[in-house]
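Enquirer: Chains U, X and P: place on chain S using the hints.
Chains as they are written, first to last, in my numbering: chain S, 1 to 342; chain U, 343 to 684; chain X, 685 to 1026; chain P, 1027 to 1368.
Careful, some of the hints might be misleading.
[Stated by the list, open to error] With a Cα cut of at most 30 Å, we get these calculated DSS-like pairs of lysine-lysine: (1) K591/U x K795/X; (2) K777/X x K744/X; (3) K60/S x K872/X; (4) K111/S x K1275/P; (5) K744/X x K188/S; (6) K1119/P x K1137/P; (7) K1137/P x K249/S; (8) K799/X x K777/X; (9) K402/U x K1214/P.
[Said to hold, decoys possible] Which stretches of chain U does chain S cover? Using the computed rule of at least three CB atoms under 8 Å from a CB of chain S, they are: (10) 381-393; (11) 548-559; (12) 617-625; (13) 670-683.
[To be verified] Cβ-to-Cβ under 7 Å is the rule here; a few derived chain X residues that face chain P: (14) A707; (15) S865; (16) N923.
In short, the hints are calculated from the structure, not lab data. Note that the Cβ used here is the ideal one computed from N, Cα and C, for glycine as well.
There are 4 protein chains.
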Amino acid sequence: MTHSAAILGASGYTGAELVRLIATHPGIEIAALSGDRKAGMAMGEVFPHLAHLDLPALCKIEEIDFSGIDIAFCALPHAMSQAVIAELPGDLKIVDLSADFRLRNDGEYEKWYGKPHAAMELQQEAVYGLTEFYREEIRAARLVAGTGCNAATVQFALRPLIEAGLIDLDDIVCDLKNGVSGAGRSLKENMLFAERSEDVFAYSAGGTHRHLGEFDQEFSAIAGRDVRILFTPHLVPVNRGILASCYVKGDPQAVHEALASRYGAEPFLRVLPFGRLPGMSHVQGSNFCHIGVSGDRVTGRTLVVATLDNLCKGSSGQALQNANLMLGLPETEGLMLAPVFP
Amino acid sequence: MTHSAAILGASGYTGAELVRLIATHPGIEIAALSGDRKAGMAMGEVFPHLAHLDLPALCKIEEIDFSGIDIAFCALPHAMSQAVIAELPGDLKIVDLSADFRLRNDGEYEKWYGKPHAAMELQQEAVYGLTEFYREEIRAARLVAGTGCNAATVQFALRPLIEAGLIDLDDIVCDLKNGVSGAGRSLKENMLFAERSEDVFAYSAGGTHRHLGEFDQEFSAIAGRDVRILFTPHLVPVNRGILASCYVKGDPQAVHEALASRYGAEPFLRVLPFGRLPGMSHVQGSNFCHIGVSGDRVTGRTLVVATLDNLCKGSSGQALQNANLMLGLPETEGLMLAPVFP
Amino acid sequence: MTHSAAILGASGYTGAELVRLIATHPGIEIAALSGDRKAGMAMGEVFPHLAHLDLPALCKIEEIDFSGIDIAFCALPHAMSQAVIAELPGDLKIVDLSADFRLRNDGEYEKWYGKPHAAMELQQEAVYGLTEFYREEIRAARLVAGTGCNAATVQFALRPLIEAGLIDLDDIVCDLKNGVSGAGRSLKENMLFAERSEDVFAYSAGGTHRHLGEFDQEFSAIAGRDVRILFTPHLVPVNRGILASCYVKGDPQAVHEALASRYGAEPFLRVLPFGRLPGMSHVQGSNFCHIGVSGDRVTGRTLVVATLDNLCKGSSGQALQNANLMLGLPETEGLMLAPVFP
Amino acid sequence: MTHSAAILGASGYTGAELVRLIATHPGIEIAALSGDRKAGMAMGEVFPHLAHLDLPALCKIEEIDFSGIDIAFCALPHAMSQAVIAELPGDLKIVDLSADFRLRNDGEYEKWYGKPHAAMELQQEAVYGLTEFYREEIRAARLVAGTGCNAATVQFALRPLIEAGLIDLDDIVCDLKNGVSGAGRSLKENMLFAERSEDVFAYSAGGTHRHLGEFDQEFSAIAGRDVRILFTPHLVPVNRGILASCYVKGDPQAVHEALASRYGAEPFLRVLPFGRLPGMSHVQGSNFCHIGVSGDRVTGRTLVVATLDNLCKGSSGQALQNANLMLGLPETEGLMLAPVFP
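So that you can see chain S by itself, here it is in the shape it has in the complex (with noise of 0.2 Å):
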């Protein structure tokens, strides 16, 4: 039996991804795709690299019959997902991959995006969309909130550490490098080849950035007690990729071999081999994670990297990922790809 899918903001990067994803996927079809500036071309014409497929036309949102729909992928721009899905049939599965429904507390919603959310009782409902940590809640979810691509990278690094004990809450750095498509397909002048070509810059330094309530949330609740990471994200010239480096206090092998047992039987996260670090063009067009630790010549220091497809892993495959969850697919339908190298 084939499921179908509708794909709402189809015309940004995280849309295009799905589509590419969806298009191998033997047991979900595309029944609608939305682009409201977009309305009423043809999604080849938008996305010439996926010409070949026999999609629908780009429409409006208000143009889809959501009665024979299954599921939803909201890939719309965050403020405007939650007033699009407070509309949406009550029944219809959905995972929503702006940043509306990650932080369960209000005020911290409106801390870090700047004014209230309208959809509260959603925001209730919604679960984490961090799969390989919220596994049975998501398949057990209607709603599932897709986590930032950062705060994805970072969690995978991090998460097994605090869990165990392992590392000093209070001096945690995360230095992280991420490419430009992260940034999505909207204008702006330091998102032009020329700006960004041949330059690496920190950005949403101090403490500004906001993934930063998403890592607030879960390291919190982890620990039992606030933590408070440093995270200073760079901009590289690379189209697709994260990768985190994260610095803390705790023993490397204790590190290394915490997160080779948790990772162990997971698909998608791969933790190297004690002392070997991975590059971004290992996962890039892939849903794979990979991890490596190294030890430091001071004692007691350890340094995590962590990489990831900030489009796939990061976005839309974690999306899809859930989504086989939700449907009750095989978690892996879909996302085998290997990495395209070089």
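Expert: Using the frame of chain S, we list chains U, X and P on its own:
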């Protein structure tokens, strides 16, 4: 039933690409991987992006037991390829990715590759692997010679036009742009990142590029007379991709119709609407080739632009497509992966 | 004695490049910088790479007192440029970098730029700014029109050949590759890093690119008859650089000799030894143009490749070279910076 | 009066960068260029971007007559450098760009570079070439040891803070991103374009990078106790540039003031307004270093980001700056070139 494949020369980019593609192919499994200089290493060490796959370790060719192998992909350097293949079992199906069996005429081989061919009888047996034009011969073949990646791109643009007598055979200019992975993983100063980044240059100008041997052979055979095109490749700072701009004398609409009509039923060749031209990023990571046609304000002049991924449709994807035919499998099996963009 | 310069439209790339070049020029100082949308900002805020310079803040054009200005560089969008210049003092020396004064014929301007010219008398007064071919006119001019960057590159390759009657005027194919900074700092979806990186595509094909107006005007004037070349630009993922591959019918050695002889005394135009071809990275950041010539195995066919930096020799460097002439300064002053490689 | 310079090892990137800079220096002329493997070739053949300069051909070191040479720049590999310099005239001024004379302690040299030093007396004589901190010693020196490019960047960020006792010496984390040209022109598989493009990875992690020897020596000397920082470099796909993100414990405002005050009069070191952070593209092609400071929501944590061009301020520009001092020339001569952006 699953077919067993060996990949000889698996430590290069085309070898790795074969593994990537076969990884999601339901009917072929990889039984052996050779890589002489890296024999003994795990494939995941040589190519960490393939580390999630359950693969045999790299070995030396002489360590492979070919008795259980149904098909061998030979991704070795030219000259070495003919020597190795001559020693393989005479009933083994082989897809060769080197240049060794592309030219039927021994003199032509020596002219372009600088020494006489050492396995003439095999050369005579080999079928030229341009799938869309040699499909039936390939289906029946034991030894198929993969085409040059540039050669494939330009032939997709021009063959139907020459067949139909639509263009002036004495005035064909092909200006080609290709990505860096086409040069393989061998160490050359001018392939270093610092030399290639931010640069574009023409190489093998003046009718000296070896793929001209393929053009001469194929175009002359179609036309029934000698055809000598002008062909200048330019290296551009991208990893994957070939984009050929072919300037011909002929009616633009007739050219477009000939291509659209010839390729209408082809699963991997896509002719765009008249006047629209493709970009490399529309096909990267996939087995598709996109072709566009434009007229000019100068009457009777036509531009045909074709683009494909040199490692996939230009090499390993083509090889797998041919292997599917040789093994009696559906031609598109394992090859319908959508391009990865951005 | 130091000359005072104003730069109008200094918040774009060509404006910034003018500042970079003039920064080391001993005879010119920058007295005013305009940038309407960024008026009030320091230049070092808009362009942090210029923050070490002691520069006037950006202002609105109407705030500039032109009484003490010796020369104005006008780096405004076309159409706006003619309106602004018409209001400037009638005795002010002006180098215009827009397209507004390149075409002498009003009908041609309207044909390529879509509306009638609003300052016809200025258009008649303007001298075409291709320094090496209009040197004496530029020296005497009040208003010099900078050439298109693509237009300069191709003219350097072809003018001496047309002048000498060495090539077939009805069969000139120019396949051009250019860097992204040529599109300026304006916001377009297809100029985002994620869209341009790893991509190459042809645009303005079919004889529609506006620089054709310059080719028509200049080549026809030289030849004494209508000349219509084929010209297709391709965008490549580099910041700076234009590389034009010109396919002509004519004797290769004669072509090489004509170029070498014509440019032998030119400080910025460098003809390579016969058979050697230049790369973009040989000229980036400088005012040099490198030109190479190759023959072909097809007798009578010749490839001329010219490359320059679009922001420097193709635009702001050319403008400064012309300003030097107009101000009676040594032509190469401030322009002998070596290219930056790698 | 013009000083004569020899550049030993001119066929590498730092040698070419020295030539680029000296080309516009009014007080130094290049009298000899050595490059053993390319001896006999013109510099313009090895580096076409320098072809417009009137330069001596590359020769072997033993062919140079040092009697007329005022200063030698030695851009040779480490170990070779000490052997060559030991044979040069004892009164020749020398700026060495290798690692051979950076570490004063012989045991440290052997520890980091794997074999004993062969010219200990020279090592004792050498002055560490971090201009802004050893200016007077350099002015008086005969032999100056250029610093590591990463080492310079991090020291610019941290020295004033350690001097002023503003930060916790036991908790300094430096996450560094550097461009590919830092690896030089030597042939390594992982420096190929296809391997580096679209990738970021950490290398020499765990306290194994050789530049740590410089940090240990310098920071411990300033602090009067052992200081061991954490330092992890990451390779990013840019040609030129180092960006060091230094996470320290100390008051952000005090840190900013210490840097701003210490560097206020320095011509090449620029401290940005508090809270603003620099990007690599702000300094590429120049001798400038930009430094920014940010606080954090976590009280008492400070981020210092420093960026410079590894080939210029990190290597050849520093060398020329030191040579200016050694020759009694103005320190900034030949070095005020503005960065090239975009």
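Enquirer: Now look at each hint and say whether the structure bears it out.
Expert: Results for each hint:
1. K591/U x K795/X: 26 Å, holds
2. K777/X x K744/X: Holds, at roughly 19 Å.
3. K60/S x K872/X: Holds, at roughly 23 Å.
4. K111/S x K1275/P: 26 Å, holds
5. K744/X x K188/S: The given pair, whose Cα atoms are some 23 Å apart, holds under the 30 Å limit.
6. K1119/P x K1137/P: The hint holds at about 28 Å.
7. K1137/P x K249/S: Roughly 26 Å separates the two Cα atoms, so the pair holds.
8. K799/X x K777/X: 26 Å, holds
9. K402/U x K1214/P: 23 Å, holds
10. 381-393: holds (count 5)
11. 548-559: violated (count 0)
12. 617-625: Check passed, 5 qualifying residues.
13. 670-683: holds (count 6)
14. A707: Since the shortest Cβ distance to chain P is 5 Å, the answer is holds.
15. S865: 5 Å, holds
16. N923: 5 Å, holds
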